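Novice: In case you want the letters, here they are:
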Amino acid sequence: MTGAFLLAHPAHLLVNSLASVAMINLFSRRPNIREFWTFAAAGINFLIVLSMLQAVLASDVLIYPLITVLPGLSIVFRVDALSMFLGLTASSLWIVNSLYSVGYMRAHKEHSQTRFFSAFALAIGATMGVAFSGSLFTLFIFYEILTLVTFPLVTHHQTEEARAGARRYIVYLLGCSTAFFLTAVILTYHIAGTLEFIPGGILSGTASNTYMVMLFFLFIFGIAKSGIMPVHSWLPAAMVAPTPVSALLHAVAVVKVGVFSVVKILLYIFGLNVLKEAGINNILTCMAAFTIITASLVALCQDNLKRRLAFSTVSQLSYILMSISLLSVSGIKSALIHILFHAYGKITLFFAAGSIYIASHKTKISELDGIGKRMPWTMGAFFVGSLSMIGVPPAAGFISKWFLIKGGLEAGEWMVIGVVILSSLLNAAYFIPIVYIAFFKEEVKSGGGHHEHGESPWPMVLALTMTAAGTLGFFFFPDLPVKLSALVVESLIPFN
Amino acid sequence: MEHLILVFILVPLITALLIPFVTRLFGGGGWFLAFIGTASTALFSFILLNTVWKGGTLHYSLAGWEPPWGIEYTVDLLNCFVLIIVSFMAFITALYSRESILKEIPPDKQGLFYTMFMLHITGLNGIIITGDLFNLYVFLEITALSGYALIAVGRSRRAKVASLRYLVLGTIGATFYLLGVGYLYLSTGTLNMADMFQRLIPIYQNSGVITGFVFIVLGLSVKLAMFPLHTWQPGAYGEAPSAVSALLASTGTKVMAYVLIRVLYSVFTPGFYFGELPFQPILLTMSLVTIIAGSVLALLQVDIKRMLAYSSMGQIGYILLGIAIGSEKALTGSLIHIFNHALMKGALFFVAGSVLYKAGTTMISGYQGLGKRMPLTAFSFTIAACSMAGLPGTAGFISKWYLATSALDAGYWFVVPVLLLSALLTSVYFFRVINSIYFEGELVQKREEAPAGLCLPAFAVSILCLVFGVIASVPLNIAGRAASQLMKVIQVI
Numbered sequence: 032m033t034g035a036f037l038l039a040h041p042a043h044l045l046v047n048s049l050a051s052v053a054m055i056n057l058f059s060r061r062p063n064i065r066e067f068w069t070f071a072a073a074g075i076n077f078l079i080v081l082s083m084l085q086a087v088l089a090s091d092v093l094i095y096p097l098i099t100v101l102p103g104l105s106i107v108f109r110v111d112a113l114s115m116f117l118g119l120t121a122s123s124l125w126i127v128n129s130l131y132s133v134g135y136m137r138a139h140k141e142h143s144q145t146r147f148f149s150a151f152a153l154a155i156g157a158t159m160g161v162a163f164s165g166s167l168f169t170l171f172i173f174y175e176i177l178t179l180v181t182f183p184l185v186t187h188h189q190t191e192e193a194r195a196g197a198r199r200y201i202v203y204l205l206g207c208s209t210a211f212f213l214t215a216v217i218l219t220y221h222i223a224g225t226l227e228f229i230p231g232g233i234l235s236g237t238a239s240n241t242y243m244v245m246l247f248f249l250f251i252f253g254i255a256k257s258g259i260m261p262v263h264s265w266l267p268a269a270m271v272a273p274t275p276v277s278a279l280l281h282a283v284a285v286v287k288v289g290v291f292s293v294v295k296i297l298l299y300i301f302g303l304n305v306l307k308e309a310g311i312n313n314i315l316t317c318m319a320a321f322t323i324i325t326a327s328l329v330a331l332c333q334d335n336l337k338r339r340l341a342f343s344t345v346s347q348l349s350y351i352l353m354s355i356s357l358l359s360v361s362g363i364k365s366a367l368i369h370i371l372f373h374a375y376g377k378i379t380l381f382f383a384a385g386s387i388y389i390a391s392h393k394t395k396i397s398e399l400d401g402i403g404k405r406m407p408w409t410m411g412a413f414f415v416g417s418l419s420m421i422g423v424p425p426a427a428g429f430i431s432k433w434f435l436i437k438g439g440l441e442a443g444e445w446m447v448i449g450v451v452i453l454s455s456l457l458n459a460a461y462f463i464p465i466v467y468i469a470f471f472k473e474e475v476k477s478g479g480g481h482h483e484h485g486e487s488p489w490p491m492v493l494a495l496t497m498t499a500a501g502t503l504g505f506f507f508f509p510d511l512p513v514k515l516s517a518l519v520v521e522s523l524i525p526f527n
Numbered sequence: 168m169e170h171l172i173l174v175f176i177l178v179p180l181i182t183a184l185l186i187p188f189v190t191r192l193f194g195g196g197g198w199f200l201a202f203i204g205t206a207s208t209a210l211f212s213f214i215l216l217n218t219v220w221k222g223g224t225l226h227y228s229l230a231g232w233e234p235p236w237g238i239e240y241t242v243d244l245l246n247c248f249v250l251i252i253v254s255f256m257a258f259i260t261a262l263y264s265r266e267s268i269l270k271e272i273p274p275d276k277q278g279l280f281y282t283m284f285m286l287h288i289t290g291l292n293g294i295i296i297t298g299d300l301f302n303l304y305v306f307l308e309i310t311a312l313s314g315y316a317l318i319a320v321g322r323s324r325r326a327k328v329a330s331l332r333y334l335v336l337g338t339i340g341a342t343f344y345l346l347g348v349g350y351l352y353l354s355t356g357t358l359n360m361a362d363m364f365q366r367l368i369p370i371y372q373n374s375g376v377i378t379g380f381v382f383i384v385l386g387l388s389v390k391l392a393m394f395p396l397h398t399w400q401p402g403a404y405g406e407a408p409s410a411v412s413a414l415l416a417s418t419g420t421k422v423m424a425y426v427l428i429r430v431l432y433s434v435f436t437p438g439f440y441f442g443e444l445p446f447q448p449i450l451l452t453m454s455l456v457t458i459i460a461g462s463v464l465a466l467l468q469v470d471i472k473r474m475l476a477y478s479s480m481g482q483i484g485y486i487l488l489g490i491a492i493g494s495e496k497a498l499t500g501s502l503i504h505i506f507n508h509a510l511m512k513g514a515l516f517f518v519a520g521s522v523l524y525k526a527g528t529t530m531i532s533g534y535q536g537l538g539k540r541m542p543l544t545a546f547s548f549t550i551a552a553c554s555m556a557g558l559p560g561t562a563g564f565i566s567k568w569y570l571a572t573s574a575l576d577a578g579y580w581f582v583v584p585v586l587l588l589s590a591l592l593t594s595v596y597f598f599r600v601i602n603s604i605y606f607e608g609e610l611v612q613k614r615e616e617a618p619a620g621l622c623l624p625a626f627a628v629s630i631l632c633l634v635f636g637v638i639a640s641v642p643l644n645i646a647g648r649a650a651s652q653l654m655k656v657i658q659v660i
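Protein chains in written order, with this note's numbering: chain A, 32 to 527; chain B, 168 to 660.
With the rest of the complex left out, here is chain A (with noise of 0.2 Å):
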């Protein structure tokens, strides 16, 4: 074991979380030295990520049983080129978002600082925890954690508005996690004796494809951090956090954490030839399908941008699901890429959405006319995020699409052709107006108040410059994502 291999273990990323938090509450009363550690555990953190790659792009695969809790339950870390599609992104963009966080909370003169920033550490290490977790039940621990130890972050604000958002966002996760979630976890259990991640699955030749589509039905509504349609409402209802937490919420860590549950649940304990004998991949694709198109319309009708971004949200993340449903080469690949690309797109416009709201205490997208003229970066930086979510070159969006493109192609699936055809348009049409009044309307004056104003403070502008900066530098060099996605694939062909 080499000195590099030593510093790849999961459990050290969730002590570092651990740490950080003790640091950071020793220190609450000095907010200078107390951020200090939230950078320090954040740059950690990517180090350790960081020391597994090379592992990994060597297609070694580290498996660290951590403790047997019941006979067939067992907390055990897995690193491979999947863990490190969510680990990589999660951990680069905690950096980003730390900076973002310090100067929108300043900025803002929040309350509860601590309490935000201990939050934020242990989101991320519950992050952590779903990428390496190498078992179901380690995956299902971690995901329950990552629920509650975001609610302070969602419910930070303490006013009406925002208690009830956060009793949706709790009821909505918790509820069908311990309704749909922990049965399919105790059902897998029975029928396959072992809830192990293994490339291929588990589950191949236990039950009748019935039970298979019903135990596939109860994982897709009990993961309701995937944001598909019905189970998405929390994610529009959880808007009423400050921004920094929408950005971490709805581009980095919840959403990705349950995207990422359904693949790896897809891929390592159905595998491929359950989901094509039960046909699952078809209701699979059906529901994604039918979640994209809707959500962007929904998302058309939004004049609040934050809820526009939401739903924005919902429906990209029902790209990576249908990429998957293809169950082909290039739709794998699509979908994992598409954890990366996607999380630093929509982390740009979050970050832009509350960095006009620190500015100019603007929300709605009617009163945005003119502003880029004040907010050049800002803006800037939006309309790089958009054209990724758009699908357009230069931005990163482009990669991913492409791929899923192809992947349709691959697998003969018109349909899903279409809808990324569709969908793109409708993209188009709720994100291009927002630049577009942007940078060539004139601002309307109106009485009292914010009008007189400029950029918002550097952190924040420095942070969504530098999302957008790996946007854009995600398209000239993608060749990291693909190779580890092309590992993925690798790892399954002997079972296709």
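The set of hints was computed from the structure by calculation and includes no laboratory data.
Honestly, I wouldn't trust all of these hints.
Quick list of in silico lysine-lysine cross-link-like pairs, BS3-like style, CA-CA up to 25 Å [what the hints assert, rightly or not]: (1) A:K393 x A:K472; (2) A:K140 x B:K539; (3) A:K140 x B:K613.
Note that the structure is a prediction, hence the values are computed from the model and not measured.
Dock chain B against the given chain A, drawing on the hints supplied.
Specialist: Below, chain B without anything else, positioned relative to chain A:
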């Protein structure tokens, strides 16, 4: 080594008798004697477990009189397991009671309180280790009478009413049990459990035997607080002093569940009541009803102690469920839940007592903003509540998992939705409180934590909920072996 068994009765009993004298002479010291008594009992319970684990079942005949005429004490793994739980919770409660009793009970009554406390422990221990059915009744009454006294010293006048209600219903329950024992004595001529087991084998069809069985089960059902015979429980738990509620909730009904298991496996056999009587469908149904009723009724409460009391009723349903399913795995699930629930409920009642001490209320509305005022206490509550809701990584999850999987193995798939529904309901009524604790109330509050004597026991026990959610193998080994020991009996027939 067998004499060790007598320690569990003699130590608390002698302590109980000494306390009035000591308090008369020294004006205090009741707590100290209780502390010594419960500490030594707890210590001996571990020694006993070690002995029984290695050496097998222990038998002790009181005063050398041989059974079946003499009173015999029999200790196998099941007794040890329950004894450890009871002794440990008694010890922690004794630690806890020091501060809470100083505030809740008038000084001249404190000595008497500890006397009753130790008598109650005597009774509980006696119930657990005895191998004689009538001796069990004697200890049952000791426990009950001291229990009534302990509840009646609660802080409001309602405590007397609650105690009276418990007295009436508890006496009915105990009387039913006695009637049942009477019928069995008539049919078999013995009161010793092991002896009766042998003598019952040829006469299961005897109407006296069946009547005796039914009376015993009914009597125990009252003491267990199975729905709808639970009505004494909310008042008893709700109005008693904090330490008493904690003790009752973590030990009382659990010990009754132990008695039920003991009667079902060491006096009767499953072949009798599962085969010849419709016991299984009835108990299965009643346990599911109890689970749901407990969760729903808990949801409707505004007083936290009453909410916890109804929650306890639901949890007994889980234990009964495992008994009803009847497989070794299910029985293990019931036993492990006895263990886990004692910890979780104990911690929760400790918290309730801490909040009562500082904030003077047990209303849920008084928990607003507790996270800032009493952070350690609030944290203990959160952990214990997560365990009650059955979140993975906590002890509560282990019991639910065992019960769910054993139900599936036995083909009772309908149990799983009921379990999950109750898990959801439990989450609702606990997270309501947690939400109130952390995210409501004034944004800035003064920190006034409960004294260490109150918040440390709560914290320690709640941490144990986490520990045994991860390192579940330790109690599971014991519970599993105890269950298989019980099930071996069936093969003998």
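Novice: Hint by hint, note whether the structure agrees.
Specialist: Each hint, compared with the structure:
| no. | hint | verdict |
| --- | --- | --- |
| 1 | A:K393 x A:K472 | 16 Å, holds |
| 2 | A:K140 x B:K539 | 20 Å, holds |
| 3 | A:K140 x B:K613 | 21 Å, holds |
Comparing the model with each earlier hint shows no violations; every hint is respected.
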